[in-house]
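Taken in sequence, the protein lines are chains W and U. In this text, residue positions in the first sequence follow my numbering: the first is 2, and each later residue adds one. In this text, residue positions in the second sequence follow my numbering: the first is 2, and each later residue adds one.
It should be emphasised that the hints constitute simulated quantities derived from the structure, not laboratory data. For glycine and all other residues, C-beta sits at the position ideal for the given N, C-alpha and C. Incorrect hints may appear among the rest.
Stated by the list, open to error - Simulated restraints, written as ranges between beta carbons of each label pair:
hint, chain 1, residue 1, chain 2, residue 2, range
1, W, R239, U, G41, 57 to 63 Å
2, U, T297, W, A405, 43 to 49 Å
3, U, H67, W, E330, 47 to 53 Å
4, U, G27, W, E330, 20 to 26 Å
5, W, R409, U, G298, 51 to 57 Å
6, W, S204, U, P51, 52 to 58 Å
7, W, E291, U, H67, 51 to 57 Å
8, U, T90, W, K288, 32 to 38 Å
9, W, T34, U, G296, 37 to 43 Å
Number of protein chains: 2
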Amino acid sequence: MILPRSSPAVRPERLAGVRKVEVRAGEVTILATPMISEDGLLQPGELGLPQPAFRRLGVRPGDPVHVAPARSPRTLEAVRAKIAGASLTPDDYEAITGDLAAHRWSDMEIAAFLVACAAFMTPEEVLSLTKAMVTAGRRLSWNRDLVVDKHCIGGIPGNRTTLIVTPIVAAHGLTMPKTSSRAITSPAGTADTMEVFARVDLSEAEMRQVVETCGACVSWGGRVNLSPADDVLISVERPLSIDTPEQMVASIVSKKLAAGSTHLVLDVPVGPTAKVRDRRQALRLKKLFEYVADGTGLSIEVLLTDAIEPIGRGVGPVLEARDVTAVLENRADAPEDLREKSIRLAGRVLEVDPALRGGAGERRARELLESGAAAEKMAQICEAQGASPLKNATGDLIHEVRAAGSGRVAAIDCLRIATIARLAGAPTDPGAGLELLRKTGETVRTGEPLYRIYGSEISDFGFACEATGEDPGVRIES
Amino acid sequence: MILPRSSPAVRPERLAGVRKVEVRAGEVTILATPMISEDGLLQPGELGLPQPAFRRLGVRPGDPVHVAPARSPRTLEAVRAKIAGASLTPDDYEAITGDLAAHRWSDMEIAAFLVACAAFMTPEEVLSLTKAMVTAGRRLSWNRDLVVDKHCIGGIPGNRTTLIVTPIVAAHGLTMPKTSSRAITSPAGTADTMEVFARVDLSEAEMRQVVETCGACVSWGGRVNLSPADDVLISVERPLSIDTPEQMVASIVSKKLAAGSTHLVLDVPVGPTAKVRDRRQALRLKKLFEYVADGTGLSIEVLLTDAIEPIGRGVGPVLEARDVTAVLENRADAPEDLREKSIRLAGRVLEVDPALRGGAGERRARELLESGAAAEKMAQICEAQGASPLKNATGDLIHEVRAAGSGRVAAIDCLRIATIARLAGAPTDPGAGLELLRKTGETVRTGEPLYRIYGSEISDFGFACEATGEDPGVRIES
Chain W
2 MILPRSSPAV RPERLAGVRK VEVRAGEVTI LATPMISEDG LLQPGELGLP QPAFRRLGVR
62 PGDPVHVAPA RSPRTLEAVR AKIAGASLTP DDYEAITGDL AAHRWSDMEI AAFLVACAAF
122 MTPEEVLSLT KAMVTAGRRL SWNRDLVVDK HCIGGIPGNR TTLIVTPIVA AHGLTMPKTS
182 SRAITSPAGT ADTMEVFARV DLSEAEMRQV VETCGACVSW GGRVNLSPAD DVLISVERPL
242 SIDTPEQMVA SIVSKKLAAG STHLVLDVPV GPTAKVRDRR QALRLKKLFE YVADGTGLSI
302 EVLLTDAIEP IGRGVGPVLE ARDVTAVLEN RADAPEDLRE KSIRLAGRVL EVDPALRGGA
362 GERRARELLE SGAAAEKMAQ ICEAQGASPL KNATGDLIHE VRAAGSGRVA AIDCLRIATI
422 ARLAGAPTDP GAGLELLRKT GETVRTGEPL YRIYGSEISD FGFACEATGE DPGVRIES
Chain U
2 MILPRSSPAV RPERLAGVRK VEVRAGEVTI LATPMISEDG LLQPGELGLP QPAFRRLGVR
62 PGDPVHVAPA RSPRTLEAVR AKIAGASLTP DDYEAITGDL AAHRWSDMEI AAFLVACAAF
122 MTPEEVLSLT KAMVTAGRRL SWNRDLVVDK HCIGGIPGNR TTLIVTPIVA AHGLTMPKTS
182 SRAITSPAGT ADTMEVFARV DLSEAEMRQV VETCGACVSW GGRVNLSPAD DVLISVERPL
242 SIDTPEQMVA SIVSKKLAAG STHLVLDVPV GPTAKVRDRR QALRLKKLFE YVADGTGLSI
302 EVLLTDAIEP IGRGVGPVLE ARDVTAVLEN RADAPEDLRE KSIRLAGRVL EVDPALRGGA
362 GERRARELLE SGAAAEKMAQ ICEAQGASPL KNATGDLIHE VRAAGSGRVA AIDCLRIATI
422 ARLAGAPTDP GAGLELLRKT GETVRTGEPL YRIYGSEISD FGFACEATGE DPGVRIES
């Protein structure tokens, strides 16, 4: 917020450095960091607020607000204890998520909390945080015994199985009100790619309408604001690129509970350049998910999947959407890895249906995909959600990265590919990203293209191209 | 910084969330987080910057600057590695302090780095960080073989020995160009209390002038800006109240080296409510100080001192300054603990003088204090530094905290007393703080006053008084 030097509401000389200010309108109070304006733009009785503050306070320009110096939130003492190595209690976590949801912490304080949690959290603490996140938000209810969901922990570029699994599952008749996230540290989240097909920022009422009509939706969870504490944490995790197992478990399980899910199939890709590097790490994460899901009443099935390269050919919202379309339309050139993985996952979700024989899920999923039922369902969902606000076009700057030697593609580095796609501008720029022209096992000769980078912003594009010079992310063995 | 929605310099729709902007004027580039203004206050070609940015860029309103989207600093990858539990190399620390000194990190990123370091740093890392901090700044040179210093790690309210030790040492003829810090988490730093007597924001030239004339000074280190990386770290440690041993060692040793000191006597108070709780912790800290000082060529003597209560009677700049004056003037009512501790410390510093017999320092220190030579030297230093900008008066709001029972004062909680004094407004309000009327070992009867709280801002004062209701910080045994 901006206060004029002459403001009578708070003496600005007291505000230097550490102080925060409470701004209150009716029942709503927010904390703001004051900045002092010297130049007479504001009158003594005025103050300037950023747009999100207007929304949170529910006020319009010119409306009166109350202003007072604020006391530091008590929960920061718990953060200090955590930094010093303490375990926090369920009550601590409840108080913390309450303050987070009410925007009482600064970004600096949130960063300190996240990094302190990154050092260690006990499974009990992760359970406490998860429950507290659910308590701090709202919980949808669907009046059905079975509400299924499928989720991937991420880290594998191009892994857009959700957009194939959801229509398959809905075509079978199960209810799958899918809320997805936008990218945190990746070049595209499911919501980012879905947005190429349709609107994703559905309100709760709109989401209900779509699920009523289609049995499923794929909307962005942030608009529904079910888990405000998690959203605040993610707003800091994102620029810092922090993504710890503990925050991941708390975030995913709380969001599923908030969305009213009863059953979750969770995809955990394991590979040398994935988020989860080896089987030991994967099993530890699986146990943590199971512990927290059991403690909160969510049925979970955790699948460890092999990850040695990106899934599909496109990386970035528009390029990934093309792969999804190719699979749904049963096109001959559709990426086989994306199709087979989607069928496998959909099969596991379908087996939540008591009417389906154990082991019969995968055949049923394949049937629904090959018959065109899934494609039809996807079209129905997209129409119900509304037209996409995005241009379904790749960036007009293109750079081909070529092989420095001949041989067999031995590995493609997921992390490196993700970094290059992000540098190119994905996901902020939906048409940015890259398209893999060779996958592992294929052969390539010196000078032949390995992948294409797409972008539309010259400085970003330059960073991405420059990065491929250091390390293109594709290892070729002769 | 504030950009109008219509700015052509950067497309504001690209700036949502994570992006930062580089602002360049001549050779100087700073990073700024853009905020978008909707209301036409700024013209398309204008932007708004906060005062510190004007100073750093060396520009005035209306001057032209260049603006471009910024790439995230590479050093943030080292921060992520640190969060994930890695040890960083000397090169990493050099790159980090360079970016810190150049203000390339956001507060959120600095907080993440500090908390990651709080989890663990090897002694080698602390040494690397210390050296890198010195490299990132400037180093004063005094053309003398012996340049002495005395420092306390803090945590004990009222412990203003520096303001007594410095004039004693200078009266003996040693050179002591003392730079002190303002409070980080305490109710007063040495610089805050010195400011009650004289100006402390001396430029380097002014500091040299004072040391030339008097042999010593007590100035605020921040103005000289010797260790810009440390100053940036402290600007985040302060609001977060983070104060780890590793950051403490790096900060203190680098500042002493930057100030050109050759010998340091370091006071480490040890007690149940001090920063260092027990002897084991104290010895570990002592070893770390010795390791880092040895590795950087600073002669150090670490003294572990007993701390069971605040030193002196006053807590807060003005109230502490009164204690200092009473000791220097050899007044009968001067706090004995402050006098004796100062003499002990001054004695150790004096023994750096090769002409002084081992063990003779303390007697010499007492002689210089009792003869009035130290008081005279202090007056000379204060005159040379210039008149204080502060009003030497306690706050006009006074609250007496009374004993709930009769008995002997068994303990006074340093942390609690510091918290109450800070809540009352110290050190921002120099006249705020508290005055202890009873110290440990003294007897008190129900209803008799234990201490007085001073303040001048009603809301702060209310918080402080309220806090004494929960826990006044004084334990009475009947």
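We went through each hint and held it up to the structure:
| no. | hint | verdict |
| --- | --- | --- |
| 1 | W:R239 / U:G41: 57 to 63 Å | 31 Å, violated |
| 2 | U:T297 / W:A405: 43 to 49 Å | 45 Å, holds |
| 3 | U:H67 / W:E330: 47 to 53 Å | 49 Å, holds |
| 4 | U:G27 / W:E330: 20 to 26 Å | 57 Å, violated |
| 5 | W:R409 / U:G298: 51 to 57 Å | 56 Å, holds |
| 6 | W:S204 / U:P51: 52 to 58 Å | 37 Å, violated |
| 7 | W:E291 / U:H67: 51 to 57 Å | 54 Å, holds |
| 8 | U:T90 / W:K288: 32 to 38 Å | 34 Å, holds |
| 9 | W:T34 / U:G296: 37 to 43 Å | 39 Å, holds |
Hints 1, 4, 6 from the earlier list are contradicted by this structure; the remaining hints agree with it.
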